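K.L.:
Spelled out, the chains give:
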Amino acid sequence: MTTAKQLGLVSCHICSQLSPVTEHECPRCLAPLHLRKVSSVQRSWALLITAAMLYIPAMIYPVTTVYALGQVQASTLMGSVVHFFQSGSWPIALVIFTASVAVPILKIIGLAYLLISTQRKHKSNPVQLTRLYRIVEFVGRWSMIDVFVVAILVALVHIGIFIKIIPGLGIMAFTGVVVLTMLAAMQFDPRLIWDDES
Amino acid sequence: MNFDNLIACHECDLIHERKTLEEGETALCQRCGATLYSEKIDMVNRSLALNFAAFILYLIAISLPFLGIEAKGIVVEINLLQSVTALYQQDMKMMSVVVCVVLLIVPAVRIVGMLLVLIPLKINQVPPYSKWTYYFVEWIAPWNMVEVFLIGILVTFVKLGDLAKVLLGISFWAFVVLVVIIIASNVSVDRHRLWDQLDTRA
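Read top to bottom, the protein sequences are chains A and B.
Residue numbers are given in my numbering: position 159 of the first sequence equals residue 151, and the series is strictly consecutive.
Take any residue in the second sequence, note its place counting from 1, add 42, and you have its number in my numbering.
Heads up, some of the hints might be wrong.
[Claimed, not checked] Lysine-lysine pairs mimicking DSS-like chemistry, simulated, CA-CA at most 25 Å apart: (1) A:K29 / A:K113; (2) A:K156 / A:K(-3); (3) B:K207 / A:K156; (4) A:K(-3) / B:K114; (5) B:K114 / A:K156; (6) A:K156 / B:K135; (7) B:K82 / B:K61; (8) B:K61 / B:K135.
[Unchecked claim] Now the stretches of chain A that chain B is said to cover, found in silico as 3 or more residues with beta-carbon under 8 Å: (9) 18 to 28; (10) 45 to 53; (11) 72 to 84; (12) 99 to 108; (13) 156 to 166; (14) 178 to 185.
[Said to hold, decoys possible] Below, a sample of chain B positions facing chain A; criterion: calculated Cβ distance under 10 Å: (15) A95; (16) F97; (17) G194.
Hints listed in this document are in silico derivations from the structure and should not be mistaken for laboratory results.
These numbers come from a predicted model, not from an experiment.
The beta carbon of each residue, even a glycine, is placed where N, CA and C say it ideally should be.
Next comes chain A alone, as it looks inside the complex (with noise of 0.2 Å):
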């Protein structure tokens, strides 16, 4: 089991072109060389915090707040989600539950665990890290669907007569979280996992 680092190669992160580490160009796609991503827990850790504290306001503040024939109704993501398994849509209910509140809190875990894990000199299961890490990234994508959902009601609603669709400050900080998150696992980098194997 030999890695690049140890035969002194380095993988270039656009094309995969290996070239020994004094290179600072890749030869083929002219991508600046690092060994690993430059400066990558530090990084990840600064935006993870960041988004971890904008998850507050986030779950706290109303995300959009509906005028509708006289009636002003504020909501929250957790408010939206208990009103849809009120009303009998529970498959919506439990998507926006997942995409919304579950995944970008268990996203911010995820990736601190990795974060710790990466630091500590004896790293429990290699294996099971790059899972997690491979999860982390997928997933983090489609917390954007309330995004886009009160951008279409915005959109759709506001030259409206009857109802007025307002966005509030939740849906600006929750918009936030899922980037920061996004940029924190790109800044993290998965090699680190398996720095220390033999």
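Starting from the known structure of chain A, fit chain B onto it as the hints suggest.
P.N.:
Relative to chain A, chain B alone:
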């Protein structure tokens, strides 16, 4: 030492010897199971065709009415661009920029970029811009979220269900097909094999 016949796993850095694959085969990392490279069936022709189709569908999707609602006899229609501009007008500037990038700009750049790379490749040419164009297309790829938007639309239907009747425009159907085509074009290309073809070094 020549290492052009070697490849390192991009997820665990393990060195593998490159082997010639049959069409449709995929090489996986021995240690972590990540996909190393695969030999797609008729890669250039297929992805060229899919990106052409995507190009036309994209133009239809952004220009014609997308969704409408009907409440008490009044019909309001919007196109895709308005889902971005409405947010901007509601003072949600940051959000409108994010939605605009992941829904409109990234897919457009990807489709046009792939066409710019693939058309010359079809006639066995690699112009100097090919490398950085494909580099850029790969770099923005994770931010292409058209399929997530489609699920967002479905949730919106249910959400508006008791308030108004939702009407589907022509460009909605174009968008549904566009999502399928974009996913198909993503899996029709293997990054490593395409880079091999763009390699102009002697």
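K.L.:
Hint by hint, work out which the structure violates, then give me just those numbers in ascending order.
P.N.:
2, 4, 8, 10, 12, 15, 16
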